[in-house]
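Asker: Going down the list, the protein sequences come from chains S and F. Here the first sequence stands for residues 1 to 440, where the numbers follow my numbering. Here the second sequence stands for residues 1 to 440, where the numbers follow my numbering.
It cannot be assumed that every hint is accurate.
Copies of the same chain look alike in the list, so a pair counts if it fits in one copy or across any two.
[Unchecked claim] Think about it this way: if two alpha-carbon atoms lie no more than 27 angstroms apart in a straight line, the pair counts; the simulated BS3-like pairs of lysine-lysine are:
#1 K181 with K219
#2 K182 with K122
#3 K122 with K35
#4 K35 with K217
#5 K122 with K110
#6 K391 with K122
#7 K110 with K217
In short, the hints are calculated from the structure, not lab data. Predicted model, so just to flag it, every value in this text is computed and none were measured.
Protein chains: 2
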Amino acid sequence: MSEIRVGLLGLGTIGTGVARILIEQQALMSRRLGKQVRLVAAADRDLDRDRGLDFTGVRLTDDANAMVTADDIDLVVELIGGYEPARTFVATALAHGKHAVTANKALIAKHGEELFALAAEKNVAVGFEAAVGGGIPCLKALREGCAANAVESVYGILNGTCNFILTKMENEGADYADVLKKAQQLGYAEADPTFDVEGIDTAHKLSILAAMAYGSKIKFDDVFTEGISNITAGDIESAAELGYRIKLLGIAKPHGDGQVEQVEMRVHPTLVPVHSQLAQVSDSYNAVQVSGDFVEHTMYFGRGAGERPTASAVVADIMDIARVVPDGVEHLAPPMGFVEAERRNLETLPVADIECEYYLRLMVQDQPGVIASVTSILADHRISLEAMSQKERSSANSVPVVMLTHATTEGNLQAAISRIIGLNAVEEEVLILRKESSVA
Amino acid sequence: MSEIRVGLLGLGTIGTGVARILIEQQALMSRRLGKQVRLVAAADRDLDRDRGLDFTGVRLTDDANAMVTADDIDLVVELIGGYEPARTFVATALAHGKHAVTANKALIAKHGEELFALAAEKNVAVGFEAAVGGGIPCLKALREGCAANAVESVYGILNGTCNFILTKMENEGADYADVLKKAQQLGYAEADPTFDVEGIDTAHKLSILAAMAYGSKIKFDDVFTEGISNITAGDIESAAELGYRIKLLGIAKPHGDGQVEQVEMRVHPTLVPVHSQLAQVSDSYNAVQVSGDFVEHTMYFGRGAGERPTASAVVADIMDIARVVPDGVEHLAPPMGFVEAERRNLETLPVADIECEYYLRLMVQDQPGVIASVTSILADHRISLEAMSQKERSSANSVPVVMLTHATTEGNLQAAISRIIGLNAVEEEVLILRKESSVA
Chain S
1 MSEIRVGLLG LGTIGTGVAR ILIEQQALMS RRLGKQVRLV AAADRDLDRD
51 RGLDFTGVRL TDDANAMVTA DDIDLVVELI GGYEPARTFV ATALAHGKHA
101 VTANKALIAK HGEELFALAA EKNVAVGFEA AVGGGIPCLK ALREGCAANA
151 VESVYGILNG TCNFILTKME NEGADYADVL KKAQQLGYAE ADPTFDVEGI
201 DTAHKLSILA AMAYGSKIKF DDVFTEGISN ITAGDIESAA ELGYRIKLLG
251 IAKPHGDGQV EQVEMRVHPT LVPVHSQLAQ VSDSYNAVQV SGDFVEHTMY
301 FGRGAGERPT ASAVVADIMD IARVVPDGVE HLAPPMGFVE AERRNLETLP
351 VADIECEYYL RLMVQDQPGV IASVTSILAD HRISLEAMSQ KERSSANSVP
401 VVMLTHATTE GNLQAAISRI IGLNAVEEEV LILRKESSVA
Chain F
1 MSEIRVGLLG LGTIGTGVAR ILIEQQALMS RRLGKQVRLV AAADRDLDRD
51 RGLDFTGVRL TDDANAMVTA DDIDLVVELI GGYEPARTFV ATALAHGKHA
101 VTANKALIAK HGEELFALAA EKNVAVGFEA AVGGGIPCLK ALREGCAANA
151 VESVYGILNG TCNFILTKME NEGADYADVL KKAQQLGYAE ADPTFDVEGI
201 DTAHKLSILA AMAYGSKIKF DDVFTEGISN ITAGDIESAA ELGYRIKLLG
251 IAKPHGDGQV EQVEMRVHPT LVPVHSQLAQ VSDSYNAVQV SGDFVEHTMY
301 FGRGAGERPT ASAVVADIMD IARVVPDGVE HLAPPMGFVE AERRNLETLP
351 VADIECEYYL RLMVQDQPGV IASVTSILAD HRISLEAMSQ KERSSANSVP
401 VVMLTHATTE GNLQAAISRI IGLNAVEEEV LILRKESSVA
C-alpha cells in the first residue's frame, strides 16, 4: 500500500488532536483511503510536555526549518497559527514541492493568494478546510458539492464566541458585558475578545468563502465588518417581538449582469427570521448556508472550533490530497472550486451600494412631533418602514424607538441617519443592524 | 482543455435538469474544474417533447443500448429510475469501461454491490450522491469530510413527503389522512404513497448511508422499517407537550468492541427534542446528521428532491469523477469512504437487540387499577418510565394513555407489550414510537 508522509508543525491543542487521529485512527483511515497516511515528524518548541500519545516512530524535533524541507516528508501541516513564522514555513514547504494543510484562517485570509500561486507553480495542493467552520466540511460542500451551481448567497455563523454570547443574552435576558465575562470564565472567549466580538475572525473566514464561491481573489481588507458589542438585551428582545433573532453573520453575494462582476462581502449582527434554520444554530455551533441556482438552499452545521473537530477537518484535507496524488505520476488533480488560473480579480461591491433591510434603534426625547420628523426624513430618502415600536423605558429623558425598514442602500440609509441625528430631539448614538429575510 | 464526454439516459424531470446544467452552466463548470464536461448524447423514448433546451451538438436517440456502449462516451448518467432496465444499462456501461452516475436509490440499495464490484474490476467510478438527500452533498460530507472519524451515528430525515406531512399535521393540528390528501393535491405525495409513507424510500437511502459510514455491504433487506401512517394529531400533540417533535428518521449506529462488528439500521417515526437542529427541519426539506468521534455533531440540510436540486448533485458527481480521471493515465483515484476491497460483510444487529427509549400510546378502559397493572408489567421487564400522560377523550369506552420509557431493548419491550395487550382493559392496538434524546 502506498503512503503519504506527514510532517506536523505545532503540537498545541489542534496539533495534538491531529497527531492523535494520525496515530490512533490509522487502520480506519487506510481502509477508507486505500493508502497509508503516516506521521513522520512533528516539530514544536516544547517537546517535554506529556501529550498522552505514543509517538513511537515519529521524529520529534524543535527544528521546524529542517522539517519543512526534509526529504522524507510529502505534506506539511501548519498548526502554529498567526502570520509569521507560519507563512514562511508554509511557503518554504510549498517551494520544496510539498503539499500543505493549515487551519490558519488569518494566514489564508491575508497570504492565501501568495501561497496558492506558489502551490500552482509547484503542482502541489494547499488544504484549508479547517480554517472555515472548524470541523464542518463546508468548503468541500461549497466547492465540490455545489460545483454545478452559480452561488446566489453565502451566509455563515462563523464565530462560536459570538454565537455563544448572543445565545446566552437571549436565553438569560442578560446584557453583553455580563455574558462576555461569563464566556471568558468558561473559556469560550479570550481575555482580549476583540478579534472575535468585533467580527474580524468572521471576516477572515468570509473572505475565504467568498473567494471560493465566486472564483475571486481573497480580499479580507475589503470586508465591511461590524461586531456585536453594541447590542443590548433590549435589542434582542425587540427583534424577538418582531419575529427575528440576532446572529453575527458573514454574508457574500454576487453582482453583475450574467456573470459575476462584483462581490458583496459583509460581517455584521443580522436579524434572521426566528423559524429559519440559521436562527436555530445556538451556543458555540457554527453553520454555513449556501444557496445555488440549482441546489436552492443548503446548510452545513457543526462545531466551529475545538481540538477534535478542527483536527477532523485537517485530517480530511490530508486524506483528500493523499487520494489524488497518484503514485509515481507527476499529476495532481487540482482542487475544485476554480482552478488557480481561472480565479479572477473581482471588484468588491462598494459599501454604499450594499442593499439591505435595516433595524434602527434611536434614542429620542419623549415629546410630540419627534417621530413625525424622523419618519419624514426617511420618506424623503424613499425609505419605507416595515414596523416600528416605541417603549417607555426608565432611561433619563430619552426612550428607545425601534424601526424596521424595507430595503434600501447603505449609502442612502447613512445619508438619512446623518440628517436624523441632526434633529435636536434625537441622540447621536444610533444602532444600525441589518436584516436578511431570505435565509432558510 | 481536456474533456469528459457524457451520455444521458432518460430525459424526464431530473434528466432535463441535468441536461440544463450541462448545456447552460458550461463556462462556470469549466472554470471550477479545469476540464470540459460535454453532453454528447441523450437517450429517451420520447424525443418530441419540447424541453426548452438547445440540444445543438447533442446526439438525441431512442436507442439507449447503443448509447451505453458508444465509443465517444466516457460517463453514462442513468436517470430512468426503477430496477430494470436501469440495472442492465448501468452494468453494460461499466462493463464497457465507462463511469456511471445515478440518482436511483432503489437501484443502488438493491443492486449497488453488483455494480460496485463491476466498477472496481474495470477501474471506473459509480457516483450516487443524488440517491441520498437529493441536492445535499451528504455522502460527500460523510465519506470525505468526516473521513478521519469513526462514525458514532447517522440520523437522516430522508423523505420529503413524510416530512411535509408531519410538519403540516403539527402546524394545523390535522390528521394524517387529511394532510396526505392535501399533499397529493399539491404533488408532494404520489397517488399510491406507500413507498414514501411506509418508510421504504427512507430505508433505501439509509442502507446506502450505513454502508458508507461503516464500510459494510448495502443491506436494504435488513433495515427495520416502520412508516408514519399510524400517527395521529393526538400523538404529535402529546409528543409536543413532552418536549418532542415527531420525525421519520433513518438511523444507523455501529456495534462492536473496538472495531465495528454489527450495524444497527432502522427507519421509524422518532421523537426528537423540540429544540434540536433536526427538529427544525420542516416541510419537504431533508437533513442528514453525522456524528463522529472527532468531529462531534454535524448536519447537512437542503432539498431532498426536485428537478434542480437533484440535478445539482448528479452534476457534482460527474465533476468529481472528471476531476480525478487523469488524461492518458490509467489511474483512477477511488472514491473515499472505504475502497471497494476493504468493505466488509458486516452483520446487521438483530431487531430484538436494538436499544431504544419508547413512546407508547395505549387505549385503556377508564377504570381503576388498569394503569397499575400496566406499569407493574413494565416493572417486571425492568422498563422504567420517564413520563406518563392520560387524557380524557371522547372515544367510546377507552382513553389514550401515553408513556415515555427509559432505554430498553426492542425484544424486551415487545415481550412486555404482548403481556400488556393481554390485559382485559387494554385494547390490542398499541402505537410504539421511538425516541432519540442524543440528536443535535
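Asker: Between K110 and K217, at a C-alpha cutoff of 27 angstroms, which is it: within one copy, between copies, both, or neither?
Answerer: Result: close within a single copy only, 11 angstroms intra versus 45 angstroms inter.
Asker: When no copy is named, should K122 and K35 be tagged within, between, both, or neither for a Cα gap of at most 27 angstroms?
Answerer: both (23 angstroms within a copy, 20 angstroms between copies)
Asker: Using 27 angstroms as the alpha-carbon threshold, which applies to K35 and K217: within, between, both, or neither?
Answerer: Between copies only: 21 angstroms across chains, 33 angstroms inside a chain, cut-off 27 angstroms.
Asker: Within a copy, between copies, both or neither: which one fits K391 and K122 at a CA-CA cutoff of 27 angstroms?
Answerer: neither (63 angstroms within a copy, 72 angstroms between copies)
Asker: Could you figure out if K122 and K110 sit no more than 27 angstroms apart (CA to CA) within one copy, between two copies, both or neither?
Answerer: within (21 angstroms within a copy, 45 angstroms between copies)
Asker: Which holds for K181 with K219 at a C-alpha limit of 27 angstroms: within a copy, between copies, both or neither?
Answerer: neither (33 angstroms within a copy, 52 angstroms between copies)
Asker: At most 27 angstroms between CA atoms: does that hold for K182 and K122 within a copy, between copies, both, or neither?
Answerer: Answer is neither; intra-copy 48 angstroms and inter-copy 59 angstroms both fail.
Of the numbered hints given earlier, the model fails hints 1, 2 and 6; all others are met.
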